[in-house]
Amino acid sequence: MRDALILRVISKFLIPVIMLFALYVQFHGELGPGGAFQAGVIMASAFILHMLVFGLEPTRRIVPVLWLRILSAGGVLLYGFVGVAGLLLGGNYLEYNVLGTSPTAGQHVGIILIELGVALTVASTMILLTFTFADWSRR
Amino acid sequence: MTALYVALSRDLLAVVMVFSAYSLLCAGMFMVLDAADVAFTEAAVGAGVSTILMLLALRCCPRHERPAGRQWLPIVVVVLTGATLVYGTLDLPQVGEPGNPVHQHVAPRYLEDSGREIGIPNVVTSVLASYRGFDTLGEAVVVFTAGLGVWLLIGTVRRRREP
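Going down the list, the sequences are from chains A and B.
Each residue of the first sequence is one higher than the one before, counting from 1 in my numbering.
Each residue of the second sequence is one higher than the one before, counting from 1 in my numbering.
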């Protein structure tokens with residue numbers, strides 16, 4: 001598919017828009033529909049589109065597999081550590097009220113952090129899955 | 001109708017495509033039921049990414065399913081299970097009635113107090129991320145484990161065969 005000029009040009013336009021939309025879904029999740037899972041999948045789909053159009057190797061150069069592995073574990077760890085931080089500050093596990101100056105501010109901090117963790121895990125795992133399948137299927 | 005086609009067709013590529021359309025229809029149905037977050041997830045995951053994953057998996061196997069003989073035991077089991085489930089739904093209260101147990105349990109508290117306790121307009125987000133934080137942690141772990149499992153199963157095999 002690397003010779004398809006129309007696909008290449010269109011996807012070059014589309015990929016930044018998809019990424020921007022993913023960030024919008026991520027940070028607008030507390031106001032409208034959406035959230036970390038959806039944002040992660042949309043962000044991953046930008047990279048998957050890149051992989052489908054430009055091939056596996058160029059995309060792997062952009063996002064190395066090692067990074068993806070670190071990020072996909074790091075997102076879960078970030079989530080877990082937000083819970084531990086709540087413990088250390090004197091609350092229950094995953095109690096966000098103690099994270100900020102007021103309970104609501106603490107909730108905001110906690111939710112933004114765990115949504116970041118979920119989005120990192122989902123996006124990097126999805127890209128990793130696609131890479132692994134693509135690699136395996138052309139064997 | 002799309003589900004029937006998915007079950008009956010032998011052309012796996014067409015099945016993947018129709019299944020994607022089925023997910024999109026499901027997303028539209030969730031949207032009609034006012035579940036925007038669920039519809040969003042279904043459209044992104046069901047119609048988008050999982051279709052790509054199935055297409056990639058399809059590259060490693062033949063495109064057409066081998067025709068199997070008529071197997072009656074599975075269809076009997078499926079029909080019996082379905083009939084039992086449908087029979088079970090007869091006792092369920094009317095969908096959307098305000099007095100249903102599902103609307104009386106924790107939902108009123110979430111709807112009334114989450115604005116004050118969490119300070120976020122989208123109740124779905126505050127339930128998902130704060131009240132049900134443990135469940136969401138579990139979901140994140142599930143996603144991570146799925147990636148880890150696939151990588152351990154097929155990501156490492158290749159390297160051993162062609163070093």
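To be clear, the hints were calculated from the coordinates, so they are not data collected in a lab.
Values in this document were obtained by computation on a predicted structure and should not be read as measured data.
Each residue gets a CB set at the ideal place from its N, CA and C atoms; glycine is no exception.
Some hints here could point you the wrong way.
[Stated by the list, open to error] Where chain A lies over chain B, by a calculated footprint (3+ residues, C-beta under 8 Å):
id	stretch
1	18-27
2	41-51
3	140-147
[What the hints assert, rightly or not] Every beta carbon over 12 Å from chain B, so not counted as near; a handful from chain A, in silico:
id	residue
4	L23
5	V41
6	R69
7	V118
8	L129
9	F131
Evaluated hints:
1. 18-27: violated (count 0)
2. 41-51: Three-residue rule met by the stretch 41-51 of chain B, so holds; n is 5.
3. 140-147: holds (count 6)
4. L23: 14 Å, holds
5. V41: At about 4 Å from chain B, A/V41 fails to clear the 12 Å cut-off, so the statement is violated.
6. R69: The claim is violated: A/R69 sits with its nearest Cβ about 8 Å from chain B, within 12 Å.
7. V118: 5 Å, violated
8. L129: 6 Å, violated
9. F131: Per Cβ check, A/F131 is inside 12 Å of chain B; nearest 8 Å; violated.
The structure is inconsistent with the numbered hints 1, 5, 6, 7, 8, 9, although it conforms to all the rest.
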